[in-house]
Every structure is written in C-alpha cells, then in structure tokens.
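Using the sequences and the hints given, assemble the complete structure.
Sequence order for the protein chains is Z and P. Quick note: the first sequence uses my numbering, first residue 1, plus one each step. Quick note: the second sequence uses my numbering, first residue 1001, plus one each step.
Rather than coming from a laboratory, the hints here were simulated on the basis of the structure. Model, not experiment: these values are computed from the prediction.
Here's a subset of chain P near chain Z, in silico, CB distances under 8 Å, partners left out: (1) Asn1249; (2) Gln1254; (3) Ala1286; (4) His1288; (5) His1290; (6) Asp1296; (7) Leu1297; (8) Val1298; (9) Leu1306; (10) Ile1307.
Even glycine gets a Cβ: it sits at the ideal position worked out from N, Cα and C.
For reference, the chains in residue letters:
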Amino acid sequence: MKILIVDDSSTMRRIIGNVVMQLGFTKDDFDEAEDGLKAWKELSNKKYDVILTDWNMPNMNGLELVKRVRSEGAHQSIPIIMITTEGGKSEVITALKAGVNNYIVKPFSADILKEKLDGVLK
Amino acid sequence: MSMSQEEIEALMNGLELPDEQKDAAPEEELEESLDDDVESQSMTEEDIAKLLSQTDDEDELDMGALKNSDVKDDISEVLQEIDNMKEDDIASATDDILNENDLLEESFPSDSSSEEEDYAFTEKAKNWTEKKITKGEFPFPAEPSTKVVSQLNEVANDSEEKAGQIFDVLSYILDDNAIIQKSNKSIVAFLDKEIELLNAMSNKFPNINVFDERLKEAQRMKEVTSDIANRISAEDMKLFEAMELMQFNDINRQKIERVMSVIRKLTTYLNNLFEEDEGYEEIAVAKHIHGDSNSDLVGAEDLDALIAEFSK
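Take a look at the structure:
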C-alpha cells in the first residue's frame, strides 16, 4: 500500500503523514510532494494506491492535478481524496466533477481521514 | 559783456590778448602761443636740484621722528611692566581674558551645544510626526518593516517554519513515548513471569509468607506499569490532538495569503491607474475557509450527501 501526500505546507504534510501512521501505516508507506507538478513527477516514476491532495498550491494546484491524473498516465483510476480549506459547496461540486473520490475540509480529525480512506480503499 | 571760451582760457593762462587780436586769432595760433608759454615756465636744473635737496631733508626729518618717537618708549615700558608683574597681577589678568572668552562663547555657542540643540529638535520633530501618524493624519512611512505584503509574507513563512519546529518537538515526545512503552512492555513481561513463579511458590508453600508478600508486590508493580502505559497513551492522544490543531497554522496561512492577494490586486489596480506595469506571480487562494461567516459553506451532512450523489 503506497500513499502520495500532496500539500504545499510542510506542516500539513507531516500532520497527514502522522494521521496515516496512526492508522497503522509506516513512514515507508507514503511519499510527499509540495505541489501538483512534483506529484505528477512522482506518479510518473512510482506506483501509488491512493492520493491525498490539497487544492491551493503553487505551480500546479490540486484540481489541475486531479484533472491531469484522470485524463492521462498510469493512475487514471487511482482513488483521490482532496484535503483542503476550501469549504464552499461550489468548490466541493467542482472537485467531485473533476474526479476526486472523497473530500475533506480542514481542519479534520484522524477519525475522519480513516473513515474516508477506508471508504475509497474498499 | 560775456566772455568767450578762448578769453577765459587765456585769462587762466595769464595771457592778456587785445580784443581785436583775440577776436582775430585763430585757434591754432592760440594753442601755439600756449605751448610756448608752458615751455617758458618749465623748471631749470637748478630748480630740480633744489627740490630734491628739500625732499632729502624731509626724509631725514621723518626717520628722526620715528627713531625718537614715543612708540619705542611705550613698547619698552610694556615689556618692563610685564617683567615686573607679580603672580597675583598675572592671575587677575588671566581671569579678565577668560571672562572675555566666556562672553564670546555666550555670543557664539560651541559645536557641542549646537549638536544637543539639533538632537532636541530632531526628537521633538519625531514625536510630533509619531503623534500625527497615531492620529491617522499622516500615513505610515513605506519602510521595510511597514510594507504590508512583505510583512504578511514574512509572518506566514515564519509561522510555517516555527510550526515545523513545534512539530519536531511533538514528534520527539511521541518517539520517546514509544520507547518508554516498549520498555514498559518488557517490564510487564518480566513481572508476568515473576507473578507466575511467585503464585506457584505461594500455592506450594502457603505457610511461607514471603512468597505471598512478593507476589502481592509484583502484582502492585504490574498495576503501576499498566498505569504508566495508560498515561503514555493518553499523552500520545493529546500530542495527536496538538498536531491536529496545528492544521490551523495552514488555515491561517491561507487566510493571510488571501489578504495578500487582495492587497496585490489593489496594488495592480493602483499601478494601472498610475500607468505603471509590474507583473507578479498570482497565488492560488482559498475562497471559503473554515471559520468564515459564509452561508455557502458545506456542512458534514451536505458533504456526505454530495459525495454520495457523485459516487452513484
């Protein structure tokens, strides 16, 4: 099981990583990327089972990453969870239309992530 | 009867011309006669020598006057007075000179007092300007410490850096707790064996109280280890909670970035207004952030409903 965590905030990446570890995963089970462009490079080099991505990031934002993943490359059917501060209905709909499987609004708890992660991995 | 110019000049030169000759004489003849008259009045060698001898006599008289003047006597007298002056006289004379200097200093202040006055004036001006700025009558000066966007950017970056450091500390405590839990498990395993042994010994030798006492002590120690494990678990949960709360650093950073974006757009507008063209990199900003007073925010139930709808 390999998870890709994408967030421009190093603190958020660590928080998500920590939550993931609380769920029983180890440090080797996940990689980090600070924007969509770097995430895309990671996806081109390795095989991942799930993507946890932020929305607002420099260079390539989360929405652009989702659209790109869904349209090209080897991860077109990979489960994607968007973890973002964007809490508006219109944004959620936009993200779901773009192809995210689940959506988490920051701040979130470990239980929420576990629940959503379990949901997409089923 | 008025006189002509020629008549006046002739009179001045001491010529007495008859009226008829004066009237008839042409200008040229008159000039020639004047020249002859001047030549006739020129000094002889004897006159010159006499004049020179008079001048020499006058020089000798002047030099003698200088040599014998009161000046020489005055200087000699002053020098002699100085030589004969007593110490008290010198002190009083020095005081007089110093008093004169004091008066001069009062009239023309020294450099140090001028610097003090400059400093006092600068302080006064500074206080006055600060009061005006506080009242909102004057704008803040555009200094690096008051440039809004750069300051906000610095705050966001510093917060991110410090949040990372706090996370390091929390992670360290978590890792340490994991080590303590591991050691605690080893102690529990040892105590379990001890309890098993002491239990067997106590059952086999019920009359020997020491086995029973040691068994009870081991059971009490096991309870202590259990308490330690529970406390560490609770501490870990609190640490996870603190880590979760640190999400607000990211949320607040995004709020700051949203404000920065507004200010940058305002700057662009003002630059356009003043025909200045400066490009900047647009930062993606969140529209609806947790804590906003916005009716369009999605709730947990709405979110689940939306996801369920799109999952069909």
